[in-house]
Amino acid sequence: MSNIHTGSALDGRVFWPSIAVILGITIPLVMYPESGNLIIKQLFGFATGNFGWLYLLSGLGAVLFLLWLALGRYGNVRLGRAEDVPEFSYFSWIAMIFCGGIGIAIANWAWVEPIYYFDGPPLGFAAKSKEAAEWALAYGQFHWGLTPWAIYCLPAIPIAYSMYVRRQPGVRLSVAARGVLGDKADGWLATVLDTVVV
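Numbering-wise, the sequence shown is residues 1 to 198 according to this note's numbering.
Misleading hints may appear alongside valid ones.
What the hints assert, rightly or not - For each label pair, taking beta carbons as the anchor points, the in silico distance ranges come out as:
hint, residue 1, residue 2, range
1, G120, V165, 21 to 31 angstroms
2, W93, I151, 13 to 23 angstroms
3, W53, L146, 31 to 41 angstroms
4, G187, V21, 12 to 22 angstroms
5, W68, E134, 42 to 52 angstroms
6, G187, C99, 13 to 23 angstroms
Just so you know, the hints here were simulated from the structure itself, not pulled from any lab data.
Quantities reported herein were computed from a predicted structural model and do not represent experimental measurements.
Just so you know, even glycine gets a beta-carbon here, dropped at the ideal spot from N, CA and C.
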């Protein structure tokens, strides 16, 4: 039996654990803001200090993988049936992806981010120095360049393939991973995967 719900139905197996995790994190942060801020800074420092290299390498790996996918034998796989015609032009698609994906973020943050890095530069440079100015402009490209788009694209490709080629209902990573998960796509593993995505 499939755990896929269509329409506006709420899947409690995904919704309630997600809400529990969100509340379990936010309530203590609201009740104890100073301690919460300290803990978050320590966790962030630990994660970036020990795994920052892995994050950067994963971003590069995502870009290289998608280039291989696009330029290789899978680059001609159509996300739809043979008789389907595109609903929008390439220009319209690019405009929608750009505006829907990062349009408002660029308007609100892209011009502030270099100033933020100039005042508190990465890699141990002195604040407001020449090196800080150079890195402030370059460092933001990791957030606004190809790398984040490649990271976002990794789950989007199997979801699009699942919806438009296999015609499976639902915009869920567990549905898209049905080919990999097999019978487990309807069980607890799919619920965990969807909960983590939320």
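Unmet hints by their number, sorted upward, for this structure
Hints 1, 3, 5 and 6 are the ones this structure does not satisfy, whereas the remaining hints hold.
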